[in-house]
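Chains as they are written, first to last, in this note's numbering: chain R, 1 to 211; chain Z, 1001 to 1100.
Among the hints, erroneous ones may be present.
Claimed, not checked - Cβ-to-Cβ under 10 Å is the rule here; a few derived chain R residues that face chain Z: (1) 42; (2) 46; (3) 63; (4) 65; (5) 75; (6) 76; (7) 78; (8) 82; (9) 85; (10) 117; (11) 118; (12) 121; (13) 122; (14) 195; (15) 211.
What the hints assert, rightly or not - Sample of chain R residues with no beta-carbon within 12 Å of chain Z, all distances over it, derived: (16) 21; (17) 112; (18) 113; (19) 150; (20) 158; (21) 162.
Said to hold, decoys possible - Chain Z stretches covered by chain R per the calculated footprint, using a threshold of three residues with CB under 8 Å from any CB of chain R: (22) 1015-1028; (23) 1042-1049; (24) 1052-1063; (25) 1074-1080; (26) 1083-1094.
FYI, nobody ran anything at the bench for these hints, they're computed from the structure. All C-beta atoms, glycine included, are put in the ideal place defined by N, C-alpha and C.
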Amino acid sequence: MPDDVREPFADSQHQRDAVALGMWAFLGQEVLFFGVLFVFYTSLRVRHPELFAAYGPRLDWRLATIMTATLLVSSFTMALAVRFAFTRARRALLVALAATMALGAAFLAMKLWEYAHHFARGETPFVDLAGNGPGPGPHSFFGLYFVLTGFHALHVLGGLVVLASLWLVAWRTPAARLRATPTMAVGLYWHFVDIVWLFLFPALYLAARLT
Amino acid sequence: MNHDEHDVPAPKLGTATLVLLALLLLTATTVALAFVALAPALHVAAAMTIAAVKALLVAAFFMHLAREAAATRVVALVSVILLAILMLLVVVDITHLGGG
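Pulled out of the complex, with its shape left as it was, chain R reads as follows (with noise of 0.2 Å):
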């Protein structure tokens, strides 16, 4: 059964494709906007390589293993309350959207937990506190660390606003009345999110051989 289509389309495929092409608009802009952080993350690594290699074995790869299996097994969630909200299953859509935001939830923990673990030990953005002396050190690894998860954690939260919102209008709306694009849009970006994720794992904590 598809959505109840709206003015100017002609018919719900039309709609539909409509919301996917305004979404990865959106996202090819929020593309450029990570690019520019990963010229950043470009300028201070080939500029201080010794910075990865002294500062890169503080960061916790164990944790955030877990946090990027946490974030995909969240974008498979995402992915199956898309298909719920297509084929009415509306139980289920309320489920997966559940599942998804508890993982979501669990990664910005995990995150909170790494940035006190990093303050408690003097690691701070930007700002060197230890009084190293002029020049790089670890407060602009960590500045950069800070800003790169930042930036992401912020995605990340937002998104899940977004899904509270999704499951609330769920939870209020009868199965025949639910419409099936606004979850599809909200997951191309849960799914976006995900994908620059995959790319600051490795960037950041695998950036210095592990022993």
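Since the structure of chain R is already known, use the hints to place chain Z on it.
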């Protein structure tokens, strides 16, 4: 409930499960590779190639890009090409021109 499979963009449970398993396997591979003694440039190239393959799997299946309209696929492709140009020129600037 009846539905036309053509109207459902998201993957079936079986397909989605296979994609997830492939993604987890690639994650394990990239972690294992980090333990291997390789030239630093080779390390980066291997890690980024694996990440790109994972991104492609997510985009093609979870984001159903493989079955979107041609215009949508072009928009996605162009954003990746523009990103590649941006990164390439930045690397050229830093390594060859001493850009500060």
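Here's how the hints hold up against the structure:
1. Here the hint on residue 42/R is kept, as its CB sits about 6 Å from the closest CB of chain Z, short of 10 Å.
2. With a cut of 10 Å, the hint placing residue 46/R at the interface with chain Z holds, because the nearest CB-to-CB distance is about 5 Å.
3. The criterion of a C-beta within 10 Å of any C-beta in chain Z is not met by residue 63/R, whose closest approach is roughly 12 Å, and the hint is violated.
4. Hint status for residue 65/R relative to chain Z: holds, with the closest Cβ pair at about 6 Å, below 10 Å.
5. For residue 75/R, the interface hint holds, since its Cβ comes within 10 Å of a Cβ in chain Z; the closest pair sits about 5 Å apart.
6. Because the smallest distance between the Cβ of residue 76/R and any Cβ of chain Z comes to about 4 Å, under 10 Å, the interface hint for this residue holds.
7. Below 10 Å, beta-carbon pairs count as interface contacts, and residue 78/R has one with chain Z at about 7 Å; its hint therefore holds.
8. With 10 Å as the threshold, the beta carbon of residue 82/R comes within range of chain Z, its nearest partner Cβ sitting at about 4 Å, so the hint holds.
9. Because the closest C-beta pair between residue 85/R and chain Z is about 8 Å apart, less than 10 Å, the hint holds.
10. Interface hint status for residue 117/R: violated, as the beta-carbon distance to the closest one in chain Z is roughly 20 Å, over 10 Å.
11. At about 20 Å, the closest approach between the beta carbon of residue 118/R and any beta carbon in chain Z exceeds 10 Å, and the interface hint on this residue is violated.
12. Interface restraint check for residue 121/R: the shortest CB-CB distance to chain Z comes to about 22 Å, outside 10 Å, so the restraint is violated.
13. Checking residue 122/R against chain Z by beta carbon gives a least distance of about 26 Å; that is not within 10 Å, so the hint is violated.
14. The beta carbon of residue 195/R comes within 5 Å of a beta carbon in chain Z, closer than 10 Å, and the hint placing it at the interface holds.
15. Because the closest C-beta pair between residue 211/R and chain Z is about 7 Å apart, less than 10 Å, the hint holds.
16. For residue 21/R, the requirement that its beta carbon stay farther than 12 Å from each beta carbon of chain Z is not met, with the minimum near 5 Å.
17. Against chain Z, the non-interface label of residue 112/R holds: every CB pair exceeds 12 Å, the least being about 22 Å.
18. Consistency note on residue 113/R: stated as away from chain Z, and its beta-carbon is indeed over 12 Å from all of that chain's, at 20 Å minimum.
19. For residue 150/R, the shortest C-beta to C-beta distance to chain Z comes to about 20 Å, beyond the 12 Å cut-off, and the non-interface label holds.
20. Residue 158/R, annotated as away from the interface, keeps every beta carbon of chain Z farther than 12 Å; the closest lies near 18 Å.
21. Every CB of chain Z lies more than 12 Å from the CB of residue 162/R, the least distance being 16 Å, so the non-interface label holds.
22. Counting residues of the region 1015-1028 of chain Z whose C-beta lies closer than 8 Å to any C-beta of chain R gives 7; at least three are required, and the coverage claim holds.
23. Three residues within the 8 Å Cβ limit are the bar, and the region 1042-1049 of chain Z against chain R gives 3, so the coverage statement holds.
24. With 7 residues having a Cβ less than 8 Å from any Cβ of chain R, the region 1052-1063 of chain Z passes the three-residue criterion, so the hint holds.
25. Only residues whose beta carbon comes within less than 8 Å of a beta carbon in chain R count, and the region 1074-1080 of chain Z has 5; three or more means the coverage holds.
26. Counting residues of the region 1083-1094 of chain Z whose beta carbon lies closer than 8 Å to any beta carbon of chain R gives 6, which meets the minimum of three for the stated coverage.
Checked against the numbered hints listed earlier, the structure breaks hints 3, 10, 11, 12, 13 and 16; every other hint is satisfied.
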